[in-house]
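Take the given structure of chain A and dock chain B to it, following the hints.
Number of protein chains: 2
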Amino acid sequence: MIGLSSYAGVMESLVNSAEDQQRSSPLGNSWSKKEDLNRNQGLKGVGGFVLVHAGAGYHSESKAKEYKHVCKRACQRAVDRLKAGALAVEAVAAALVELEDSPFTNAGLGSNLNLSGEIECDASIMDGKSLQFGAVGAISGIKNPVLVANCLLSEAQKGKLSAGRIPPCFLVGRGANEWAISHGIPPCPSEKMTTKFSLSAYKRNKRKMEVAEKMNTGHNQTKKIRLSAENDSGCLDTVGAVVVDLEGNVAAAVSSGGLAMKHPGRVGQAAHYGCGCWAQNACNMNPYATAVSTSGCGEHLIRTMLARDCSAAMQSEDAHQALLEAMQNKFISSPFLASEDCVLGGVIVLRCCRCVEAQNIQGILGATRQQSNADLQTSSWGY
Amino acid sequence: MIGLSSYAGVMESLVNSAEDQQRSSPLGNSWSKKEDLNRNQGLKGVGGFVLVHAGAGYHSESKAKEYKHVCKRACQRAVDRLKAGALAVEAVAAALVELEDSPFTNAGLGSNLNLSGEIECDASIMDGKSLQFGAVGAISGIKNPVLVANCLLSEAQKGKLSAGRIPPCFLVGRGANEWAISHGIPPCPSEKMTTKFSLSAYKRNKRKMEVAEKMNTGHNQTKKIRLSAENDSGCLDTVGAVVVDLEGNVAAAVSSGGLAMKHPGRVGQAAHYGCGCWAQNACNMNPYATAVSTSGCGEHLIRTMLARDCSAAMQSEDAHQALLEAMQNKFISSPFLASEDCVLGGVIVLRCCRCVEAQNIQGILGATRQQSNADLQTSSWGY
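Protein chains in written order, with our numbering: chain A, 1 to 383; chain B, 384 to 766.
Bound conformation, chain A alone:
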């Protein structure tokens, strides 16, 4: 088991995919500062960029290879779409589908089970070009929640429904499932989405809960809190991706099975506007296009609206410093999380500005370290 700050990040530019791959970072303690990589090279002709992660959380080291592979496959899927002329929003959805389809990630297939032993997923997607957003929360029986979120986004772009009704941007629960099926997204029986791994994790977590609750009986509150911290086995590994396409449009997406043993109906940051992902093209006021996807404890990421705040911070000149400050001031030291004993979260960030017919792109990852409120690791690349 390794710490929260373990991200699986793989990126590929459309031109220099071979060179990029050697910079890809597998799971592990390799997220030490790499400030020397924070350069803006502004290579002429380089276009398009994909950055994905398989989540902040407690991963099994034995599966490190799998995580790396799925991240590479997700990148490749998105890159293929970009090469075929797709917009960023289509490419980011394609990357997410690959991440959701892996039984090793906590999204789609193989998601954490909730208290009742069911799978309920959250996902959202944002298109930096249209600034449209689509999200689903606590949705069951759908293998690829990101496709429902993407379909909501597309439908909203078509304008009003009959009799002037405004199309929804956020659907939850049974209604979300029904809407998805009525829009051509195939249902998937819950038993097919449950893996041996997720089921055994559920049984293990349930036993832990029972032991914790038994031990707490008759003990004082101090002991209860201490025990709770020791047994913090919630798997936080939301997956996400950020993409810039050949035209400089950005998009971001996020998908999650949510916390292990969550209460049915609990919705985390992955379905929450401004919290799970953010994408905003460059415009008059913002010189940089930015895309952000977050991972970590959903409640912490909701209450700090980390995706939007990181995006706003990335308009500063020094992207690396801006992300460090945003993670420190808007998350780790946020007054909204002052009562929390351990603040857990991470982001992948992409920013892009066009310079003389080329794209100047930076991708950065930042995350809190496990068991610490005052530390931050970032890694970054410039293209």
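Check before you lean on any hint, since a few could be wrong.
Label-pair ranges, simulated between beta-carbon atoms [claimed, not checked]:
id: 1; chain 1: A; residue 1: Pro-287; chain 2: B; residue 2: Gln-711; range: 20 to 26 Å
id: 2; chain 1: B; residue 1: Asn-712; chain 2: A; residue 2: Pro-186; range: 41 to 47 Å
id: 3; chain 1: A; residue 1: Pro-189; chain 2: B; residue 2: Gly-500; range: 47 to 53 Å
id: 4; chain 1: B; residue 1: Glu-708; chain 2: A; residue 2: Met-215; range: 54 to 60 Å
id: 5; chain 1: B; residue 1: Pro-670; chain 2: A; residue 2: Met-285; range: 22 to 28 Å
id: 6; chain 1: B; residue 1: Lys-589; chain 2: A; residue 2: Pro-186; range: 25 to 31 Å
id: 7; chain 1: B; residue 1: Ser-499; chain 2: A; residue 2: Glu-61; range: 47 to 53 Å
id: 8; chain 1: B; residue 1: Leu-629; chain 2: A; residue 2: Glu-325; range: 36 to 42 Å
id: 9; chain 1: A; residue 1: Met-285; chain 2: B; residue 2: Gln-698; range: 18 to 24 Å
id: 10; chain 1: B; residue 1: Pro-572; chain 2: A; residue 2: Gln-321; range: 39 to 45 Å
id: 11; chain 1: A; residue 1: Ala-338; chain 2: B; residue 2: Ser-565; range: 24 to 30 Å
id: 12; chain 1: B; residue 1: Asn-712; chain 2: A; residue 2: Pro-335; range: 21 to 27 Å
Calculated directly from the structure, the hints in this document are not laboratory data.
Positions of the beta carbon are idealized from the N, C-alpha and C atoms, including for glycine.
Just chain B, lined up with the frame of chain A:
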């Protein structure tokens, strides 16, 4: 029928309730600018303030008296709680319960029915002191959704659950209903929450939809869009309240049955962090405590995060001007709503700073006018 900008606002200070009542504004076209009332009187000894509204939307003029009465009752409930020493968050919840219990408002009892003829409610509450937040989305079978949101907020303040699990801040659908009942909130059969008024509105809307869909068949898209605008009969009247207590703590809450004929599972701004309500006590960085509650088209209010942005704007010296600018720049002219032909929304805002043992309080209402993207009405009072 009257326009979107019709708010029912009633407020009472704890000391000068008689004087305040004559300034209360019933439904109607009385929301012309009242800049002369935008004074900071800083009365010594005046403490506590309650501001409620029964929603932006299409109200029947025949029920204007009822709306005014329910707003007064809601204010009185909150004032009574404040007089008994309650904190702002308890008082604001009490006001919301009264608003939800009215069969005339689109919240709790008498809520709009969705496409399937069911009631699904959204509600949220935020405590400016602890900065905790609780929300429920698409919840059925609970008469007072705000009490579930408030219970989520209270439970989160108690710290982690067994085995280190993080308590949820946002629950939806069936899971939210089950959580509420397991926490002592009584269930309420759907048929008891449906009123004659909401049922007849549902039947009327359904007929309109059928006619609109029939007329659209065989016609071109232009005609379809025009027809849609003409038949825009969605009832937008979310209810809300903002409160400051004797200690200067603020709280805000919002509750809604959502858009009429919404898709099942649709969640609007009333359950969305930063969008439906916001409350933040004064601190080192913010001289003013602020509380905001929004009403209008949920999708528009989500995509602009209007509650949080209005709260941030209210740190400017001139509260009235700050709200005007926030409504204009962050909502009406927001790039996030550039594709919308009609932007609909309103806010109630309260800000407070302590000056020489007294509270300097301002309450302001702002709303877009019906069928206009570039107009704004505000009313404000200073105490």
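Structure-based check of all given hints:
1. A:Pro-287 x B:Gln-711: 20 to 26 Å: holds (24 Å)
2. B:Asn-712 x A:Pro-186: 41 to 47 Å: For B:Asn-712 and A:Pro-186 the Cβ distance comes to about 43 Å; the hint holds.
3. A:Pro-189 x B:Gly-500: 47 to 53 Å: violated (28 Å)
4. B:Glu-708 x A:Met-215: 54 to 60 Å: The hinted range 54 to 60 Å holds for B:Glu-708 and A:Met-215, with Cβ atoms some 56 Å apart.
5. B:Pro-670 x A:Met-285: 22 to 28 Å: Given range 22 to 28 Å: holds, Cβ gap about 27 Å.
6. B:Lys-589 x A:Pro-186: 25 to 31 Å: holds (29 Å)
7. B:Ser-499 x A:Glu-61: 47 to 53 Å: Check passed, 48 Å falls within 47 to 53 Å.
8. B:Leu-629 x A:Glu-325: 36 to 42 Å: holds (37 Å)
9. A:Met-285 x B:Gln-698: 18 to 24 Å: Since A:Met-285 and B:Gln-698 have Cβ atoms about 20 Å apart, the given range 18 to 24 Å holds.
10. B:Pro-572 x A:Gln-321: 39 to 45 Å: violated (57 Å)
11. A:Ala-338 x B:Ser-565: 24 to 30 Å: holds (29 Å)
12. B:Asn-712 x A:Pro-335: 21 to 27 Å: holds (25 Å)
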